[in-house]
Structure formats: C-alpha cells, structure tokens
Amino acid sequence: MGKILEVNGPLVKLELPETVIGEQVRVGRIGLVGEVIGRDGETALAQLYEDTAGLKPGEVAEGLGWPLSVELGPGLLNAIFDGVQRPLNAVWEQSGDRIARGVAVPSLPRDKRWHFVPDPHRRAETPLAGGDVLGTVQETESILHRILTPPLVHGELLELAPEGDYTVDEVIGRVKRHDGRIEKLHLFHRWPVRTPRPFKHRDHAVKPLITGQRILDTFYPLLKGGKAAIPGPFGAGKTMLQQQIARWCNAEIVIYVGCGERGNELTDVLEFMPELKDPHTGRPLMERTLLVANTSNMPVVAREASIYVGITLAEYFRDQGYDVVMVADSTSRWAEALREVAGRLGQMPVEEGYPAYLGSRLAAFYERAGRVETLSGDHGSVTLIGAVSPPGGDFSEPVTSHTKEIIQTFWALSKELADARHYPAVDWLESFSGYVPSAAKWWAENVDPGWETARAEALDLLAESEELQRIVNLVGVEALSSEQRWTLESAGLIKEGLLQQAATDDTDSFASPEKQYALLAALLEIHRQGMKLVKLGASARRLIQMPLLAQARRWKSQHKSEDLAALKDKIARIPAEFEQIALDYAQSGPAA
Amino acid sequence: MKNIEFRTATSAQGGLIVMAGVPGVAAGSRVQIKDHAGNLRNGLVIRSADDAVLVEVFEGTDELDLERTWVRFLDEPFRLPVSRDILGRVFNGAGLARDGRPPIISADRRDVNGEPLNPAARAYPREFIQTGISAIDGMNSLTRGQKLPVFSGGGLPHNRVAAQIVRQAKLLGEESSEFVVVFAAFGASHADARFFQESFEESGVLNKVVMFLNLADEPVIERLLTPRAALTAAEYLAFDLDYHVLVVMTDMTAYAEALREVAVLRGDVPARKGYPGYLYSDLAEIYERAGRIKNRRGSITLIPVLSMPSDDITHPIPDLTGYITEGQIVLGRELSNQGVYPPVSVLPSLSRLMKDGIGKNFTREDHPHVASQLFASYAKALEVRGLAAIIGAEELSDADRRYLRFAEAFERRFIGQGEDEDRSVFETLNIAWDLLSMLPPEALIRVSEEELAKYHKGGVGSV
Ligand SMILES: Nc1ncnc2c1ncn2[C@@H]1O[C@H](COP(=O)(O)OP(=O)(O)O)[C@@H](O)[C@H]1O
Ligand SMILES: [Mg+2]
Chain A
1 MGKILEVNGP
11 LVKLELPETV
21 IGEQVRVGRI
31 GLVGEVIGRD
41 GETALAQLYE
51 DTAGLKPGEV
61 AEGLGWPLSV
71 ELGPGLLNAI
81 FDGVQRPLNA
91 VWEQSGDRIA
101 RGVAVPSLPR
111 DKRWHFVPDP
121 HRRAETPLAG
131 GDVLGTVQET
141 ESILHRILTP
151 PLVHGELLEL
161 APEGDYTVDE
171 VIGRVKRHDG
181 RIEKLHLFHR
191 WPVRTPRPFK
201 HRDHAVKPLI
211 TGQRILDTFY
221 PLLKGGKAAI
231 PGPFGAGKTM
241 LQQQIARWCN
251 AEIVIYVGCG
261 ERGNELTDVL
271 EFMPELKDPH
281 TGRPLMERTL
291 LVANTSNMPV
301 VAREASIYVG
311 ITLAEYFRDQ
321 GYDVVMVADS
331 TSRWAEALRE
341 VAGRLGQMPV
351 EEGYPAYLGS
361 RLAAFYERAG
371 RVETLSGDHG
381 SVTLIGAVSP
391 PGGDFSEPVT
401 SHTKEIIQTF
411 WALSKELADA
421 RHYPAVDWLE
431 SFSGYVPSAA
441 KWWAENVDPG
451 WETARAEALD
461 LLAESEELQR
471 IVNLVGVEAL
481 SSEQRWTLES
491 AGLIKEGLLQ
501 QAATDDTDSF
511 ASPEKQYALL
521 AALLEIHRQG
531 MKLVKLGASA
541 RRLIQMPLLA
551 QARRWKSQHK
561 SEDLAALKDK
571 IARIPAEFEQ
581 IALDYAQSGP
591 AA
Chain B
1 MKNIEFRTAT
11 SAQGGLIVMA
21 GVPGVAAGSR
31 VQIKDHAGNL
41 RNGLVIRSAD
51 DAVLVEVFEG
61 TDELDLERTW
71 VRFLDEPFRL
81 PVSRDILGRV
91 FNGAGLARDG
101 RPPIISADRR
111 DVNGEPLNPA
121 ARAYPREFIQ
131 TGISAIDGMN
141 SLTRGQKLPV
151 FSGGGLPHNR
161 VAAQIVRQAK
171 LLGEESSEFV
181 VVFAAFGASH
191 ADARFFQESF
201 EESGVLNKVV
211 MFLNLADEPV
221 IERLLTPRAA
231 LTAAEYLAFD
241 LDYHVLVVMT
251 DMTAYAEALR
261 EVAVLRGDVP
271 ARKGYPGYLY
281 SDLAEIYERA
291 GRIKNRRGSI
301 TLIPVLSMPS
311 DDITHPIPDL
321 TGYITEGQIV
331 LGRELSNQGV
341 YPPVSVLPSL
351 SRLMKDGIGK
361 NFTREDHPHV
371 ASQLFASYAK
381 ALEVRGLAAI
391 IGAEELSDAD
401 RRYLRFAEAF
411 ERRFIGQGED
421 EDRSVFETLN
431 IAWDLLSMLP
441 PEALIRVSEE
451 ELAKYHKGGV
461 GSV
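Heads up: the protein sequence lines correspond to chains A and B, in order.
Numbering of the first sequence is given in this note's numbering, commencing with residue 1 and proceeding in unit increments.
Numbering of the second sequence is given in this note's numbering, commencing with residue 1 and proceeding in unit increments.
Watch out, some of these pointers could steer you wrong.
Derived lysine-lysine pairs resembling DSSO-like cross-links, with alpha carbons at most 30 Å apart [as the list claims (entries may be wrong)]:
| id | chain 1 | residue 1 | chain 2 | residue 2 |
| --- | --- | --- | --- | --- |
| 1 | A | K415 | B | K454 |
| 2 | B | K360 | A | K415 |
| 3 | B | K2 | B | K360 |
| 4 | B | K360 | A | K495 |
| 5 | A | K404 | B | K273 |
| 6 | B | K170 | A | K277 |
| 7 | B | K380 | A | K13 |
| 8 | A | K570 | B | K380 |
If you want the ones that stay clear, here's a sample from chain A, every Cβ over 10 Å from chain B, calculated [stated by the list, open to error]:
| id | residue |
| --- | --- |
| 9 | S95 |
| 10 | P233 |
| 11 | G359 |
Honestly, the hints are just simulated from the structure, not real lab data.
Where is the CB? At the ideal position from N, CA and C, for every residue including glycine.
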C-alpha cells in the first residue's frame, strides 16, 4: 500500500515503490483507477481515468500488478463500452444517468451462460498452442464467436469441457504448460491493450472494402486490412462518412470508436444500428457491431486509452478469422489527450504543443491494421479508418500531416463542398489511394474489366474541368470552346449524378459495386457521345439543353442496387438520344 | 479542516496563491480567502500536495497582503443550491443572489461541475422547434435538446437574434412557448444584460427566466464558474422538474479568454493562439450538458453566443465550438451591412440534427429536399455573383442572370424578415418554393419530380 503525495488535474504523484510503468493503480477512498506513466525513486506518477476532484494527499494508493487490459470473449458484440471497457449499459443500471466515479463493473457479463461447442478436432493430451480455437459460441445469429487459446499459452491440453452452457468465469479446460504449470482456460481471456496481439505473418491485402459510397469505392478505394484517414474541418462530414461505412461496409465485424466526440452521435448509432439490415447478410447491423465511447465530456485520460481498447478488440476478432473494420472518430482527440498529458509531465513540446513522439505513436497505432495469417492458420484483417479534425481545417497541422504519411487512402473532406451541401464532401483532387492496382484486379474480375480505365477517364475529366472552371471564373464561360464547354458540363454531370450521394436518400445511401459501375459507365457514355457530336460541329449550348442531362442526374435516386434492370434500359437508350440530335444536324446543318 | 483558517500563503501572483503547510487538502475543493480588510474572496484548489497547495482566486490576488490573508478550505466543490424558487431570480457568476432578494436556501446543493452523462442514457433529439426564423427553420433547424451556437462578430445583431429565438421558440402546433429560460452572461456589457432583461420583461416571461450575470467589469475568473452554475440550474429544471429549458449563454469568447488567462498563470503549455490544449475538453464539458435523457421528460436546448475574433471562423474559439456543438448559425457582416436582418450566412451555417427532425411526420414531406435545393441553388448563385463582379453582369448568360436575381430575392425575402415576424415553417417552405420557382425545373435536381409537380410554380422567372 502506498499513498497520494500530490494531485494535479488528472495526474497524481504516489508514494508507491513497487510499481512499474504501465501498471494499473487504484487510488483514493473512492478507488479511482489509472496507470503509472512515470517513476522517480520511490514515487510513481500516474494518470487517472476519472476526474480527480476530491482526492487528497495522504489517501491510499495501490498497484494492481497488471497493465490496462481488456476482457476478450462472448458478450462483446452489440455492446457499448467506455474508454477503459466498462460496459456503459451496466454502468447506467448501476449508477444512473450520469457516470459516477469509481464504478466497477466487469466488462463481460458474469451471469450470462453461453452455449459452448468444443472444437471436434481438439483432444485431451494433445498439444495446444496460443491462438488455437478451442470451440465456438454462437454469440449473435450472424457471428460465431471462436473461443481462442490465449496467445501466450502453449502446452498440452489436459481437458476440455463438453458441449454445454457456461458463464465466462467457469473453467472450460486446463492446459499443462511446458514449464509444468497448469493453466485454466475460460471462455474469455485478458490482453494488455498497448501490446499488439501476435499473428503468424502479414498477408497482402487483396480485396477492396466495399462501403457502398461511390466516391470511396470507385475513386479512392480502400482494401480490407488497409489504413485510411478522413481529415476535414468541422461539419464537413467525417462522422457521417464513418457512420455510412459502419452501416454498409462488407466487413464481418465493425468497431466504432467515439473518441472525444459527441454523445448524441453514439446515441444515433445505438438507435439506427438495430433497425438497419446488413445489405450483405440481411441480419440486423447491431449484431456485428460494438461501440467504444469516450465522449468529449468524459475524462481525457480514458480517451487516450479508448483507441487502444478499440484496436485490441479489433485484433481479437481478426484472430478469429474475421474481416474487421474499426472506425475511430476522432484520432485528433486522442492526439490531444496525448498532448495534454505530455504537457503536464513537462515534456518538451515540438509542434503546436504536441510531444516529439506524436508521429511514432500514430504510426505504431496504424501499424496494427493489416491482413494476417492468424496463429491458428486462418486469415483475418483489421481495416483502420481514422477521422482527423485539423484545427481551422488546416491540413498542414501536425496530426493531419503525420497521418498522411502513414495511411494509404486519404479521403480529404472539403469545406467548400460541404457548404454547398455536396455530400459526401470528399475532395476528388486532394484525395488519394495507394490501393488502386489491387482494387482494379477485383473490379475487373467481379464487376467489369473496364473499371480502371473508366475511373481514370472520369478523374481526368474532373481535373480538366477544374482548370476550365478557373478560366471561366476569370473571363466567363464564353471564352471556352464548344468542346471545353461540353467537358465542363460532363464534369458537372459526374459530380451531381455520381459523386454526390446523400446518406439520407434511402435508395442511394448504399450503392452496390454493380450500380456504381453502371452509373459511371453511363455518365461517361453521355460524355463521349456528346463529345463526338461536338467534334462534328454540334454546339455545346444545344447539347446542354438535352433533357437527358437532368434525367441522368436523378438516376442514382431512382434505381435501387437490387434492381438495376430499368437503369440498364435507360443506359441502353443513351446513343439513340444523341442520334436524334445528330440527325437534326445532318438535316439542317450546324446552324441548328 | 473546514473551520480552520490558515495564514500560510507563501506567494500570491496574478490570481494564484500558494499555501504551505496545509496537508490533505482535497483537489477541486472550494476555498474562502479573507483579506486584510475582512473582504471575502472565493477560490478553488487546482493542485494539492502536502507541502504546497495552489489556489486559484476568482476575484484575483490584487492587494493581497500575505501576512494578513486568512484561507479556509471548505472541503467541497462549488455547489449551487437549487429549488423551484430559482425561477425568476438573478444571480451573479458564482450563483449568489444579485437581485437584492434573499438567498436560495435549499438542502439540495449541486456540484456545478456536474458529472458526465452516460452516452447510453441519452435520447436522440428529434423534435423540431419552430423559431419563426426562415433561415433557421428552413435550412438549419433547431431540435429540442440540441446545442446550436450563434457565431457572430462585433456590431452584429446576435443579441437580437438570440432574443427573437427565445421569444418565438415553440414546438410545431403549439400556441406559445413551453420553455423556461436560463440566461447566462459573462463578460457582457451592462447594456447587453439590460437588453435581455428588458426583452424578457416585454414578453412577460421574467418569472420563467433564471439569470446568471457576470458583467464585463466583474471578476474574470468567476467566468469559469458562470456557465457551469447556469447549466447546473438548467439540469435541475430539466431533469428534476421536467421543464424544457432553453439556455442562452453569451459570450463564449469571454469565457475562453478567461480560461486562457488562468492557463497562462498556471504555466500550461499553449496549443493555438495561446489557448491551452484542454480548451476543447473544457468547452465540451459545458456544451455536452445539453440534451435529452431516456425516461426523462425535460430537455436542455443550448444556444451559446460567441463573437468570432476578427470575424475569423477558424479562430480556436469558434473552431473548437463547431467541433463540439451540433452545428452553428453564422451571422455575416456583408448581409448585415446590406440591411438584411437576421443576417444569417446560410452556407457556413449548419444544423447537424436537422436531418432527423424534419420532413414527413415532423414538418412537411418536401422540407429535406427543399433545404438541400436552397443550399445548392444559393451556392451556385453566389458563384455567379462572384463571376458577375469580374466580367460584369451583362456578360452573363440568361441562365446565370436568373441565378443573380434568385440570390437577391433569396436574401431579401427568405433570409430577411422582421424582428417581430414569426413565420410558421409552412410559410417558410412556401416562400422557398416561390423563390425556387424563379429557376427552371431542370435546374432543381435535389427536389423530386413529384415535389416539382406539386410545388413549383411552373413558369420560368415567375417571380
Ligand atoms: N454523406 C452525407 N449525406 C448527407 N448529409 C451529410 C453527409 N455527410 C455530412 N452530411 C451533413 O453534414 C452534417 C455534418 O456532418 P458530420 O459528419 O457530423 O461532420 P464532421 O464529423 O466532419 O463534423 C451532418 O449532420 C449532415 O447533415
Ligand atoms: Mg464529427
């Protein structure tokens, strides 16, 4: 037992000789929990996960002997945890609407019995290695929870429980470790959040993560196992985009980390997820989702931890062979929490108050994404998507610029687009993806071999129109040639008919790859047909008045992904529309 | 401990005093300081160790004579006594009566810092509040339980806009407002405070208003307490007494400046423009107290007013606020100079909760699309206006000239309205359609074809 020497905001100085850095401590009469972040002789410096008001020098303090860890086992899905994995629904039952300090509730429910089916290949008296599957629990209708041997446990399986109902505390097996110690196995195990979970080796990411958002999937794809960032000023649509991804993406598990953001946004997710169906499995989305929430009004230190809690949960499902997506909203709040603690520790700030290790911490965090071969020989992936909230929307600030170096897919949100309510406000010039070649292979094999060229053609068109717009803004549209005017018009068509995709539009909120490609090809077809006529001398002014252009802008909202037949009919009729104009020309000459 | 007076201050400087030899003082505890003249000052323990306790003094440390300064540690946080009787009362920034009437006596005294609301306990705000102001109701609507700040600048009519919202806010279909109002002013001028007081008086709601005033010439550090005291009162009214509470706070910039002042004294590492890195979390502790709670009837709707230094929306105060609140109503100088009231700059304005509180079953089925179309058309119109400024309006195409006229009419007829004009949301939508009818139907992609058929006045340029 030690005692408190000093209280300074979330930091406490303790007389606690035996503890090590990273160790959990319990402090004061109300039992606030925190972790040791510094040592000096007999004293330890700890940051606490809860508000320190009322703590007094002289009160007790004790080391708990383990680092910040999470409980991994059945009961995770469908739940909402705080930044140190306290289940917020259980906390609510225990302490009411407001989170009282010092509430201790186990992360996984202790009274619930899970139906455990042992793996038929596991036999007593055979070797058992860390990560091996012991059996399964059907946790939700869509997710089979594989019960894993803790990664560091190796030895001989002495016994494994028969099929039956067990709580997470009951012993379901025993292992004799190589050193002779006997280890009990449960439906769950603990893992320290700041240590990446081990795997056999990294695999190449190969398949795109389909999000149903055209500007993402078609233009700036992300792979399962990849890392992406969504920077943008406030109100640009970071949260909505992440929520759209959480809703519609074809991952098997989604982990939504609300890190230092709004309480109502989590309420929103908690309310809509149970009502929506996974477009890929037809099951309620909540069955595959879990939330980690440290909202902006919750203590800062737990905010820093919440990101690690989230990624550890993600790795755990990856180790079961699942494709997991973790969205973190917002990594900037995590970095700020880091900055705050560094400041109180008196560490030297380098840029905008951030400590020198900001970049390496960010890199180490994103490094936990990836597609791997698991310890048990399965394949799983963690895809990481972090929102970044640059002060004043300035992308040159430290968190954005470091993140940009680390990730492969960059979905840059623009204030101008958001102001004009062009959603998703992903800037098609600023954004990039390093995964296009891999994605192209998938699109070619699964949707259409023309994907890569069509994508490039559309992007060229958009880039060219940007140049043209600059000219127009200086001297007016009359200065453009007919070809240029048509290019401008086609780019407008692509922006409105393809890139804009309202999350609130029931028909278009999710677009299947087939629908995405059909629209892309159709709009490009309109562009090419028109260009052909313009080159023959038709006036762009005339073409711009074609009703087809207004109609094509509505197609996305008129045709559901499941029913593209009518859309394909309309697309098939595009050449005919232009032929009519061509005929007019042939009859009356270019003067028409 | 509560009853012992210590005379062990070892230093006093710019609002902070250091006390020696006071072991076991609780962090965050309230402190009472008696100076040589016998006057009481208030303080808060911000760092506590056995050999030195750091105390922040709200009234400042000017003229403190260490030899003759007596300090008592009250061993509790700042608390606000609450009871039904707070309605109709005026308090100072620390929650003491300043209206000459007796203090509030109540056994129910609440820690002004509150405790974080469990996200699992929140209920999502969905009920549309009609403010009677088209720029808000039509395009950036307010919802019961939302936090929606007004971003303004010196000389802009933010007070009048806030007062108009308070006067007119009601749920759809209700005759009059059901809200009680908590009004907090910090760093405000006497004139501002009087303006609000008179506005409440005129609309006869004074007995439904609680005021917390810390005026421009009053202790700066007390401002750190004022919004917290006000929200403690609001929480009590909303979640204990079931009221729907509208909280108006002005000016958040004065609050943030007070916070910076203290941060500098403490030696905290600055992040941007000298503001401490924790400004975000600190503001969030305030703003996030708005909302709704499952199984509770009341609600807190929060309208903080802040002036953007140099009209700069990227300044840390509006920036961090925008990152926390559920949108923002931005007032624009240009519109104001043109005599448009309320000068709401709609493009940078936003209501994040609008999408869940309008449309069929809430306002009218065409509302979401109309709003989106207005944004798109007005954004396009402003582009055209920019172009016209360069090449001259004569050089514009017919289509573009139509947009110019649209922008003009939109600003005069939709955004602009009287300070006493209380438009229903249906009137607002009808005006919107009048304006959209100035544009050809083919240019209105964001409304559906059915809506066009039903509401578009058909003829191009019909207005
Ligand atoms: N894809 C979208 N579709 C429709 N509306 C959107 C979309 N993205 C953003 N919005 C609108 O913009 C608002 C702000 O978006 P949000 O994601 O909360 O921004 P940020 O997280 O960047 O501050 C939302 O409340 C919504 O009204
Ligand atoms: Mg957000």
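How the hints compare with the structure:
no.	hint	verdict
1	K415(A) - K454(B)	33 Å, violated
2	K360(B) - K415(A)	29 Å, holds
3	K2(B) - K360(B)	59 Å, violated
4	K360(B) - K495(A)	28 Å, holds
5	K404(A) - K273(B)	24 Å, holds
6	K170(B) - K277(A)	36 Å, violated
7	K380(B) - K13(A)	59 Å, violated
8	K570(A) - K380(B)	29 Å, holds
9	S95	8 Å, violated
10	P233	8 Å, violated
11	G359	17 Å, holds
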